[in-house]
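Go by the hints and put chain B onto chain A.
For the protein sequence lines, the chains are A and B, in the order given. Taking this note's numbering, the leading residue of the first sequence gets 17, the next gets one more, and so forth. Taking this note's numbering, the leading residue of the second sequence gets 8, the next gets one more, and so forth.
Calculated directly from the structure, the hints in this document are not laboratory data. On a predicted model such as this, the values are computed, not experimentally measured, just so you know. Where hints are given, some of them may not hold.
[Stated by the list, open to error] A partial selection of chain A residues facing chain B, derived with a Cβ cut-off under 10 Å: (1) Asp104; (2) Lys144; (3) Leu160; (4) Gly164; (5) His165; (6) Gly175; (7) Asp178; (8) Ser388; (9) Thr389; (10) Glu410; (11) Ile444.
Backbone N, C-alpha and C define an ideal beta-carbon position, used for all residues, glycine too.
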Amino acid sequence: MTTQSESIVGRGARDGAALFRTWYEELQEAASQERGAAYVFVMGSLNEILKSFDLPVVFPEINSLQTAVRRVAHEYLSEAEELGYSPDICGYVKADVALQLRGGEHPQGQVPKPALAVLTNACNTYIKWAEIWERMYEIPVVTLDVPGHRSSKHKSVPGSDDFERDRKYVQGQIAELIEVCETVTGKAFDIDKLRECMTQANEISRCWQRILELNRGKPSVFNALTDGTIFLGVANGLRGSPAGAQYFRELLEEMEYKAANHIGTLADEKYRLAFVGVPCYPIFRRFDEFFSEWGGSFVSSTYLSFASGGANLGHLYDLERPLESLAEGLLISVRGAMDSMFHQDIELESMIEDFDLDGVIYHPIKSCRTVSTGLADGRRALMDRMDIATLFLESDMMDRRVVSEAQMKNRVDAFFEGLASRRRRQAIEQRGSK
Amino acid sequence: MSTPIITRRSLDEILEWSVRTVETADYSAARRWRENGGKVVGHFQVYFPEELAHAAGVLPVKMRGASIEASTAEARFGSYLCSILKTTLELGLSKRLELDMFVSHPICDAARNLAAVFERNFDHPSEILYLPQNANSGHARDYLAAEYQRLLHRLEEIGGRKVNADDLRRSIAVYNENRSLMRRLYQLKREKPWLLATDEGYALISLAGMLPKEEHNELLSSVLEDVEAREVKAKDRVRVVFEGGFCEQPPLDLLRTIDRSCYIVDDDLMIGLRWILEEVALDGDPLQNLAHAYLEQSSYSPVQHDLRKPKEKMLIERTKAARADAVILTAAKMCEPGLEDQVAYAQALEENGIPFFISEFQENMTSFEHMELQLETFVENLLFD
Chain A
17 MTTQSESIVG
27 RGARDGAALF
37 RTWYEELQEA
47 ASQERGAAYV
57 FVMGSLNEIL
67 KSFDLPVVFP
77 EINSLQTAVR
87 RVAHEYLSEA
97 EELGYSPDIC
107 GYVKADVALQ
117 LRGGEHPQGQ
127 VPKPALAVLT
137 NACNTYIKWA
147 EIWERMYEIP
157 VVTLDVPGHR
167 SSKHKSVPGS
177 DDFERDRKYV
187 QGQIAELIEV
197 CETVTGKAFD
207 IDKLRECMTQ
217 ANEISRCWQR
227 ILELNRGKPS
237 VFNALTDGTI
247 FLGVANGLRG
257 SPAGAQYFRE
267 LLEEMEYKAA
277 NHIGTLADEK
287 YRLAFVGVPC
297 YPIFRRFDEF
307 FSEWGGSFVS
317 STYLSFASGG
327 ANLGHLYDLE
337 RPLESLAEGL
347 LISVRGAMDS
357 MFHQDIELES
367 MIEDFDLDGV
377 IYHPIKSCRT
387 VSTGLADGRR
397 ALMDRMDIAT
407 LFLESDMMDR
417 RVVSEAQMKN
427 RVDAFFEGLA
437 SRRRRQAIEQ
447 RGSK
Chain B
8 MSTPIITRRS
18 LDEILEWSVR
28 TVETADYSAA
38 RRWRENGGKV
48 VGHFQVYFPE
58 ELAHAAGVLP
68 VKMRGASIEA
78 STAEARFGSY
88 LCSILKTTLE
98 LGLSKRLELD
108 MFVSHPICDA
118 ARNLAAVFER
128 NFDHPSEILY
138 LPQNANSGHA
148 RDYLAAEYQR
158 LLHRLEEIGG
168 RKVNADDLRR
178 SIAVYNENRS
188 LMRRLYQLKR
198 EKPWLLATDE
208 GYALISLAGM
218 LPKEEHNELL
228 SSVLEDVEAR
238 EVKAKDRVRV
248 VFEGGFCEQP
258 PLDLLRTIDR
268 SCYIVDDDLM
278 IGLRWILEEV
288 ALDGDPLQNL
298 AHAYLEQSSY
308 SPVQHDLRKP
318 KEKMLIERTK
328 AARADAVILT
338 AAKMCEPGLE
348 DQVAYAQALE
358 ENGIPFFISE
368 FQENMTSFEH
378 MELQLETFVE
388 NLLFD
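Okay, chain A solo, but in the shape it has when bound:
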């Protein structure tokens, strides 16, 4: 058992890092061969289509966050700000502007230039970002418009007229994207190849949904903030590839094993937490330690929903009708991602029960208004409805100038002191009621 445990436990993190290195090596090779890449984003990457054309796929969001994790983001941000970009706009955009000006130079290797950009409207900054590439490179930019739910009370479901109208609109745009891909690559669209990519994507979605479910058990089998970010990277970057599917099958095996053997992420999981927002990449590990030192474990997050582009919903493509199903899947998953940002209070309400949460940690950031704008109000609404402890920590995902580590730690410490006192009070009340 020990041997099996040693080989399985921690495999996801190890293999994920290795796959990442391989991915960047492939990108470096594409750059050295001057092959143009498809630039895409995590919420609605259309990786299935792009991989069917054998296009190298670059996720500028991931490039940017890597500069923060590797503590060089400030160099990139400064370069963009010297060009006139405001300190108040998205740090991912600025890091990418600097990366482009450096000819693709990135801490993990050379990033190829774009041959086209594909984006959805899940984040408006995607659109502004792609306009920068349009100006720099005069490349085709396809903005895939995915109409979200009009309100939390009016959600159109598959089969309804409203849903069908939106699905047809999305499918029409996918057909237009395919034409652009054919022009850019000089290759004819191969629907069987697309089917194969969708098969692999299905495998990732199936496993991903189950992995997320497993964290409902006690102790939690992975850290939603730190491990989860590695898993997300693979889920996005390798979506549609056999390597990605294989990775997720093995990851699921690891998590099932940990669940069966009660192997948690912490030796003593005292408090179960959800993370809301985008991670604090400039102090990525340290941020988690603020919580784990108190026995706090991040068992879930909205990040795992929206930053996987809604793959958490586990939607599976119908391979008998690939294009129709791809449009349907894109609509469902991107809408899911949007809902987990704009109506995060609703998602959290069920998360509190499903994951038996003790607290919710909000991390609104300067860089991302898509995720952050509604958090204060969502927190207020959630606390009106649920008896849950929450903490609101503002900083950034890129800009260390607005990350105040000492102040943050003080507030986290106070939060846990409050949680401990809350728990003691509840214990006394329970004893009193017996």
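Here is chain B on its own, set in the frame of chain A:
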């Protein structure tokens, strides 16, 4: 019905009333409308097809924030956000403007959250109108017409009235007249900017989002005639385009500050109300016509992506068409799209040899001395260059 505003009032009185109404965010027209049993839909910046609400008998009101303190709304938002979000919510929370429905648009990352914020704070319906972000898709027009149909159903529910194609055509005609009057005002600004102070012109346009459309038409046609007959001597001022007012609005004192040394001969202030540049066709399917106009007969802004309308190229065209000497390039604080486009605008203006003055503003800022000093220096450089 004649508008009470213009009855027996002089031009100066009407202009003074217009400026005061806009500057103090006086929504008494909407309040009266509701007191008389009418319904009000508040729509956030930038563009909204008001004709649909008009046809359903619902008063559309443009939500564009206000120069007010967001004392209650402030707590519902974090830092690093533009002011307009907070003051727009404050208008509702403070009951300065009571609504029966709220609509926001996916114009930016912050604004698209606003419908959900309203949904959590008010009992009335709040939703997003997904205007197409892929304006270049061959499917965008049909999608938008269908989306308008969906919205129209919601407005019919609010207004308690079924709307047919002829109702829509009548509303489009009313709005065509309004668009024509607003174009006339901007023509005046370009040709004889000395006849109308910037704050006066701005207020007259801005009222389009506050008054019933027929009243606004009557107001504009009466005022324009009088303004055109004004005898005012032109002054030696620099002709500038003001860019950056597509969403959050600068305080009127900021416009007055600019007015002291410049004539603003064109701008993007309240561009959503002037989004459609030509008459919308009255024959055929009205929803298709409105969708066509949104996509094909429209202006530009940092929040609409259209490959045919690169923003910097459009700004150069606007500047040249207005025969402006320079551009005042502004952005609201924390406005992601506005701040991002400033870089491209600045580069294009430089390449075209057009002088520009860069600035940021906030709707409730109160100090303008520093900006005035910088602007005076900029203007002097232009005059003596």
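Non-conforming hints, listed in increasing numerical order: Numbers 6, 11 - these are the hints that the structure violates, sorted from lowest upward.
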